[in-house]
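Using my numbering, count along the sequence shown one by one with no gaps and you end on 579.
These aren't lab readings, by the way, just hints derived from the structure by calculation. Warning: the hint list may mix true and false statements.
To be verified - Using C-beta positions, here's what the derived DEER-type ranges look like:
| # | residue 1 | residue 2 | range |
| --- | --- | --- | --- |
| 1 | V96 | L405 | 33 to 41 Å |
| 2 | K5 | E421 | 53 to 61 Å |
| 3 | T265 | D402 | 38 to 46 Å |
Said to hold, decoys possible - Below 30 Å or equal to it, Euclidean Cα-Cα: the simulated DSS-like pairs (lysine-lysine) are:
| # | residue 1 | residue 2 |
| --- | --- | --- |
| 4 | K291 | K384 |
| 5 | K5 | K137 |
| 6 | K325 | K502 |
| 7 | K370 | K384 |
| 8 | K260 | K318 |
| 9 | K155 | K93 |
| 10 | K260 | K502 |
| 11 | K22 | K39 |
| 12 | K271 | K22 |
| 13 | K271 | K251 |
| 14 | K98 | K43 |
| 15 | K93 | K178 |
| 16 | K5 | K46 |
| 17 | K155 | K112 |
| 18 | K427 | K408 |
| 19 | K251 | K318 |
| 20 | K408 | K260 |
None of the values given here were measured: they were computed from a predicted structure. Virtual Cβ for every residue (Gly too), placed ideally from N, Cα, C.
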Amino acid sequence: MLIKKGVPASLGIAIGKAHIVKEENILIEQKEIPPEKIKAEVKRFKEALEKTKLDLDVIRTKILTVLGKNHAKLIDAHHLILQDPLITKEVPKLIVAKGMNAEFALSEILDKAEEQFEKIDDEFFHERKHDVFDVGKKIISNLVNSEKTSLRDLKEPVIIVAHNLYPSDTLHIRESNKVLGFCMDLGSKSSHTAIFAQSMGIPAVVGLSDISRQIQSGDTLVVDGEQGMVIISPSADIIEKYKARKEELQKQEHFFHRLKGLPATTRDGHKISLMCNLDSAEDAPELTTVKAEGVGLYRTEFLYMNRGSVPTEEEQLKAYSSVVKAAPNIPLTIRTADIGGDRATELGIKGLKDERNPFMGFRGIRLFIKYPELLKTQLRAIYKANTEGNIKIMIPMLSSADELLTVKRIAQDIKTELAEEGFPVKKDPEFGVMIEIPAAAIILDSLLGDIDFVSIGTNDLVQYTLAVDRINQYVSELYEPFHPAVLRLINLVVQTAHKKGKPVSVCGEMASDPFAIPLLVGLGVDILSVPAKMYLRSKHSVRQMNFDKFSALANRALSLPTADEIRRLVEEEVSGRAL
Numbered sequence: 001m002l003i004k005k006g007v008p009a010s011l012g013i014a015i016g017k018a019h020i021v022k023e024e025n026i027l028i029e030q031k032e033i034p035p036e037k038i039k040a041e042v043k044r045f046k047e048a049l050e051k052t053k054l055d056l057d058v059i060r061t062k063i064l065t066v067l068g069k070n071h072a073k074l075i076d077a078h079h080l081i082l083q084d085p086l087i088t089k090e091v092p093k094l095i096v097a098k099g100m101n102a103e104f105a106l107s108e109i110l111d112k113a114e115e116q117f118e119k120i121d122d123e124f125f126h127e128r129k130h131d132v133f134d135v136g137k138k139i140i141s142n143l144v145n146s147e148k149t150s151l152r153d154l155k156e157p158v159i160i161v162a163h164n165l166y167p168s169d170t171l172h173i174r175e176s177n178k179v180l181g182f183c184m185d186l187g188s189k190s191s192h193t194a195i196f197a198q199s200m201g202i203p204a205v206v207g208l209s210d211i212s213r214q215i216q217s218g219d220t221l222v223v224d225g226e227q228g229m230v231i232i233s234p235s236a237d238i239i240e241k242y243k244a245r246k247e248e249l250q251k252q253e254h255f256f257h258r259l260k261g262l263p264a265t266t267r268d269g270h271k272i273s274l275m276c277n278l279d280s281a282e283d284a285p286e287l288t289t290v291k292a293e294g295v296g297l298y299r300t301e302f303l304y305m306n307r308g309s310v311p312t313e314e315e316q317l318k319a320y321s322s323v324v325k326a327a328p329n330i331p332l333t334i335r336t337a338d339i340g341g342d343r344a345t346e347l348g349i350k351g352l353k354d355e356r357n358p359f360m361g362f363r364g365i366r367l368f369i370k371y372p373e374l375l376k377t378q379l380r381a382i383y384k385a386n387t388e389g390n391i392k393i394m395i396p397m398l399s400s401a402d403e404l405l406t407v408k409r410i411a412q413d414i415k416t417e418l419a420e421e422g423f424p425v426k427k428d429p430e431f432g433v434m435i436e437i438p439a440a441a442i443i444l445d446s447l448l449g450d451i452d453f454v455s456i457g458t459n460d461l462v463q464y465t466l467a468v469d470r471i472n473q474y475v476s477e478l479y480e481p482f483h484p485a486v487l488r489l490i491n492l493v494v495q496t497a498h499k500k501g502k503p504v505s506v507c508g509e510m511a512s513d514p515f516a517i518p519l520l521v522g523l524g525v526d527i528l529s530v531p532a533k534m535y536l537r538s539k540h541s542v543r544q545m546n547f548d549k550f551s552a553l554a555n556r557a558l559s560l561p562t563a564d565e566i567r568r569l570v571e572e573e574v575s576g577r578a579l
């Protein structure tokens, strides 16, 4: 028996036989093309591009029908990659300049692109790298007329094991109806495969590094999507244990549906506001499905993705207004876009140079202050969308009072502009900041006079506090939300904000962790904002706890020196409650 730990991508338990999806290994040899045949070779490459485009059109139509718009956007991204000058111009140039065959020229360009991607410590770009190489493989397959084995032809229920899965693979998984779960070497919680698994309710673990090389087709596996574990060749006792856990989870899901509309109140009467995170306007119907109390984090980065220009005020207004219309009477917290300079370059913003580490550099409000037209456009759209007076504005990646004051001055200018245009702002949206950088937590007392609320983004706060990039395989195991330094910073933020009567929310992954929830509530956090898929489960966690007991436990946790001790303390108490 072997246990592999990865990233929990989709909740649930799967038990079954492994089916290995082998990577396409097409041997590409360099061939010298005679000068008189160069033109024909370039034509052959362009014909492969056109064939790949038609293939993508077919896949997109199927995905749109079977999986919906959100998943079809992934193919739109692949279409944009096909149009990228890196492929459409650089490859033909290389064919002409070096007299080499199209397959080899494309592989050379992709190798150079990989070198650039490796310099970027950003989870979004790590996932987009895989999209680029997926498109590259499709073009090469069309150049050499290679056929890939389809997952739609599965004969029996299996657990898919792969190095990586692509949008076309996920479509075939949906069509086959024979996939119990899957696990992959690559991937993160934001990867398209994780999003697909969550929407389909398929247990999944990703980011397992080398699991596809450690398993044979037919091996018995247990995929634990809760803990992010895959057990290879489990014993009979382990299988029975997980069968019982699977039944328990199914019963829980039925029970959780009965919690819709009930308050997120602890057993001893302490009320927590429980809200949803939204990743795009198209997710708005989920608010009604779970009867959410509000939106604690509306991420607006989706507006800036898969495009070559900045979204207009009209586009943004439409995206914000649609959510207001879908949920008119609940709080809606819109975060200004947290994009980096690397992505801004793709949007046509001039004057930006490559950064060695954009994740720690030019992003969030720093970028928007440097290029204030980006901020002005977004604020104008937000103010115009605030017809119901329920919108709040949240500033990401803030580290100083100067940044906050600059944003507030720009906001005031926008209000004046709109009034002069005949669009007076009847009600000012509340302003808040995201505490992601330890510096912001430490100087919070100097920010509180200019803001209405505070939100803790635990994903980044953990990374910046511990100097750990969780997508770096060499240090990712050091990413620890229960680290004493992280908990003490959260406590500092809560205590500082409460002294001035300002509410505190948490909108990172900790907010939906069943072991972290009682600790956060015990520390005094007022609002939890979680993915819609985790909303009812999180409400259950709140309703099961005793506030006074966990307040005392949280104070004890603050005095403990290690994350292991804190985890043990909380897990023993949580596990002792009836589920």
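We went through each hint and held it up to the structure:
V96 and L405 have their C-beta atoms about 54 Å apart, which leaves the hinted 33 to 41 Å range violated. Checking the proposed 53 to 61 Å range against K5 and E421 shows it holds: the Cβ atoms sit about 56 Å from each other. With their beta carbons about 40 Å apart, T265 and D402 fall inside the hinted range of 38 to 46 Å. Using a Cα cut-off of 30 Å, the hinted pair K291 and K384 holds, with the two alpha carbons roughly 26 Å apart.
A hinted pair counts as satisfied when its Cα atoms are at most 30 Å apart, and K5 with K137 qualifies at roughly 29 Å. Restraint check: the Cα-Cα separation between K325 and K502 comes to about 28 Å, which is no more than 30 Å; the hinted pair holds. The hinted pair formed by K370 and K384 meets the criterion: a straight-line CA distance of about 24 Å does not exceed 30 Å. For the hint linking K260 to K318, the alpha-carbon distance of about 29 Å falls within 30 Å, and the restraint holds.
At roughly 46 Å between alpha-carbon atoms, K155 and K93 are farther apart than 30 Å, so this suggested pair is violated. For a cut-off of 30 Å, the pair hint linking K260 to K502 stands: about 28 Å separates their Cα positions. Restraint check: the Cα-Cα separation between K22 and K39 comes to about 35 Å, which exceeds 30 Å; the hinted pair is violated. Of the supplied pair hints, the one linking K271 and K22 is violated, its CA atoms being roughly 51 Å apart against a limit of 30 Å.
Restraint check for K271 and K251: satisfied, since their Cα atoms lie roughly 26 Å apart, inside the 30 Å limit. Using a Cα cut-off of 30 Å, the hinted pair K98 and K43 holds, with the two alpha carbons roughly 16 Å apart. Our distance criterion of 30 Å between C-alpha atoms is broken by K93 and K178, whose separation comes to about 45 Å. Under the criterion of a C-alpha separation no larger than 30 Å, the hint pairing K5 with K46 is inconsistent with the structure, at around 43 Å.
Distance check on the hinted pair: K155 and K112 sit about 40 Å apart at the alpha-carbon level, beyond 30 Å; violated. A C-alpha spacing of about 15 Å is found between K427 and K408, which places the hinted pair at or below 30 Å, so the restraint holds. Restraint check for K251 and K318: not satisfied, since their Cα atoms lie roughly 40 Å apart, outside the 30 Å limit. Between the alpha carbons of K408 and K260 the distance comes to roughly 38 Å, so the proposed pair goes past 30 Å and is violated.
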